[in-house]
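J.: Construct the entire structure; sequences and hints are all you get.
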Amino acid sequence: MELEVISMIITIIYLLIVLFFVVLLVWNLFESQSILEKALGSIVLVMLILRLLLIK
Amino acid sequence: MMKYLNFKLTKKLNIVISSIAIVFVVLIVFFAGKDFKEFSNYEQEFVKGPGVTRVEKFSDYSPKLKGTIGDADIFVLEGEKPGPSLLVIGGTHPNEPSSQLTSVLLLENMKVESGTVYLITEANRSAFSHSHPQEGAVQFYSIETQFGERIFKFGSRATNTNHQWPNPDVYVHKSSGQKLSAQDTRNLNRAYPGSVDGTYSERVAYAITELIKKNNITMTIDLHEASPEYMTINAIVAHQKSIHIASLAFLNMELQDVEIKVEQSPVNLHGLSHRELGDHTDSLVFLAETSNASQGKLRGRFTADLIVTGEDKYYKRAEQLGLLFAPPVHINERVARHTLTIVEIVNAYNTLYNPKGEENKSLIISAIPSYNDIISNGIGYYLHELT
Numbered sequence: 001m002e003l004e005v006i007s008m009i010i011t012i013i014y015l016l017i018v019l020f021f022v023v024l025l026v027w028n029l030f031e032s033q034s035i036l037e038k039a040l041g042s043i044v045l046v047m048l049i050l051r052l053l054l055i056k
Numbered sequence: 057m058m059k060y061l062n063f064k065l066t067k068k069l070n071i072v073i074s075s076i077a078i079v080f081v082v083l084i085v086f087f088a089g090k091d092f093k094e095f096s097n098y099e100q101e102f103v104k105g106p107g108v109t110r111v112e113k114f115s116d117y118s119p120k121l122k123g124t125i126g127d128a129d130i131f132v133l134e135g136e137k138p139g140p141s142l143l144v145i146g147g148t149h150p151n152e153p154s155s156q157l158t159s160v161l162l163l164e165n166m167k168v169e170s171g172t173v174y175l176i177t178e179a180n181r182s183a184f185s186h187s188h189p190q191e192g193a194v195q196f197y198s199i200e201t202q203f204g205e206r207i208f209k210f211g212s213r214a215t216n217t218n219h220q221w222p223n224p225d226v227y228v229h230k231s232s233g234q235k236l237s238a239q240d241t242r243n244l245n246r247a248y249p250g251s252v253d254g255t256y257s258e259r260v261a262y263a264i265t266e267l268i269k270k271n272n273i274t275m276t277i278d279l280h281e282a283s284p285e286y287m288t289i290n291a292i293v294a295h296q297k298s299i300h301i302a303s304l305a306f307l308n309m310e311l312q313d314v315e316i317k318v319e320q321s322p323v324n325l326h327g328l329s330h331r332e333l334g335d336h337t338d339s340l341v342f343l344a345e346t347s348n349a350s351q352g353k354l355r356g357r358f359t360a361d362l363i364v365t366g367e368d369k370y371y372k373r374a375e376q377l378g379l380l381f382a383p384p385v386h387i388n389e390r391v392a393r394h395t396l397t398i399v400e401i402v403n404a405y406n407t408l409y410n411p412k413g414e415e416n417k418s419l420i421i422s423a424i425p426s427y428n429d430i431i432s433n434g435i436g437y438y439l440h441e442l443t
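Each protein sequence line maps, in turn, to chains A and B. Start counting the first sequence at 1; every next residue gets the next number (my numbering). Start counting the second sequence at 57; every next residue gets the next number (my numbering).
Please note that a few of the clues may not be correct.
[Said to hold, decoys possible] Restraint ranges, calculated between C-beta atoms of paired labels, are given here:
(1) A/44 - B/167: 50 to 58 Å
(2) A/3 - B/136: 40 to 48 Å
(3) A/44 - B/317: 42 to 50 Å
(4) B/323 - A/3: 23 to 31 Å
[Stated by the list, open to error] Here chain A is said to cover these stretches of chain B; the calculated rule only asks that three of the stretch's residues, wherever they fall, bring their Cβ under 8 Å from a Cβ of chain A:
(5) 65-73
(6) 82-91
(7) 215-229
[Stated by the list, open to error] Here are some chain A residues pointing at chain B (derived, C-beta under 10 Å):
(8) 2
(9) 3
(10) 4
(11) 7
(12) 10
(13) 12
(14) 16
(15) 20
(16) 32
(17) 33
(18) 45
(19) 56
Because the hints were derived from the structure by calculation, they are not lab data. By construction, the Cβ of each residue, glycine as well, lies at the ideal position given by its N, Cα and C atoms.
T.: As structure tokens, then:
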């Protein structure tokens, strides 16, 4: 199989995993009662969204 | 502190705080993303000097690079008379700025009387599109010229993960099968001789290898920098078939009071330009290193000034303690050193391969500022105005 095709499949799987964690984090942001957890979740969310958009 | 942050929230207040957090996240992502994208898309401009006769592309030699960020320019400077040829590779590692600046200095000034010179200013364009993570690196630095400031990008050592990934746990060098560190998967200077169907870095390496093969390039000089605590510094690393030229260049540089070391390329360390290009082509291959504080691990705060001046109080202390192989110096001196290295390698080749000075057997280049001129006038003095 061509290298590009393998990379594309892995990229799609990777992005789905990142999306899954983004959804879980946003969910947790609203569910959690802890301000600290919300702050930490927000920081992690920034990195994950930048990865999800393949910016950084 | 923690107990104050763990008070019970009402449902309404919880939704309000969470929404505010989301808005903050979106704002940070927007501004950070905009900054990263602008840096990534910033196109470095160069002035084609009087010696440039044509411009080729990497995709002319590695077709799969066509339409990708990796399709870099190859500036060709042809003399009126035939003769040997030289390839200067700048910008292999965009966090080693004197590499690119030296090739830009040659591009904008050099003339070729006899022979041909090929210049690459951005060997790994993908690595110029991002910064190395967790280094706190600046994105740009500037050089003062007669026409104002010229801005240059300060990128990463490695290819951008947006252009080459996933990274394997172990990088297996294609042609030798040698296992190397995973971080070298995206290092152009571990990808030689490259592969037409390989990863992005391997395709770029393949373009350079094919450029040398198809044009039967006589000499290749790959310009680099290293941290002051690294052993191979202020040095020429030469393939075993080029070591006699490097030795003569070394003697001539020492006679001009420019300290330099010569090392022979290790036979069993694969993927590097001085090893693979020497093994896989007929070219006489060299790699030159200067001392760059911004690359080192002992430095303090990362600033654009540090890239240019090389001044850092922690490196000064390390130097006083005798911990460095070469003190970090101003970019003018680093570019001057690379320029002199190129000139002396060419002179050594002409002396050894054309001792009688026969016509069309020497590479004759001119309009290159001297070591002392670059240091006293500054590199900016020789850079031209962007149009």
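J.: Holds or violated: the hint that residue 16 of chain A contacts chain B, with Cβ atoms closer than 10 Å.
T.: With a closest approach of 14 Å, the residue 16 of chain A hint is violated.
J.: Minimum Cβ distance from residue 10 of chain A to chain B below 10 Å?
T.: Hint on residue 10 of chain A: holds, closest Cβ of chain B at ~5 Å, below 10 Å.
J.: Take the shortest C-beta to C-beta distance between residue 4 of chain A and chain B; is it under 10 Å?
T.: holds, 9 Å
J.: Using 10 Å as the Cβ threshold, decide whether residue 7 of chain A counts as touching chain B.
T.: holds, 7 Å
J.: Go through the hint on residue 33 of chain A and say holds or violated, using the shortest Cβ distance to chain B against 10 Å.
T.: holds, 5 Å
J.: Per the hint of 42 to 50 Å, is the separation of the Cβ atoms of residue 44 of chain A and residue 317 of chain B within bounds?
T.: Holds: the Cβ-Cβ distance is about 47 Å, inside 42 to 50 Å.
J.: Does residue 12 of chain A pass the interface hint, meaning its C-beta sits closer than 10 Å to a C-beta of chain B?
T.: violated, 12 Å
J.: Please count how many residues of the region 82-91 of chain B have a CB within 8 Å of a CB from chain A and say whether that reaches 3.
T.: holds (count 4)
J.: When the nearest CB of chain B is found for residue 45 of chain A, is that gap smaller than 10 Å?
T.: Since chain B brings a Cβ to about 5 Å from residue 45 of chain A, closer than 10 Å, the hint holds.
J.: When the nearest CB of chain B is found for residue 32 of chain A, is that gap smaller than 10 Å?
T.: Nearest chain B Cβ about 8 Å off; hint holds.
J.: Could you check if residue 3 of chain A really has its C-beta closer than 10 Å to a C-beta on chain B?
T.: holds, 7 Å
J.: Go ahead and decide if the range 50 to 58 Å is satisfied by the Cβ distance of residue 44 of chain A to residue 167 of chain B.
T.: holds, 56 Å
In summary, the structure is inconsistent with hints 13, 14 and 15 from the numbered list given earlier, while agreeing with the others.
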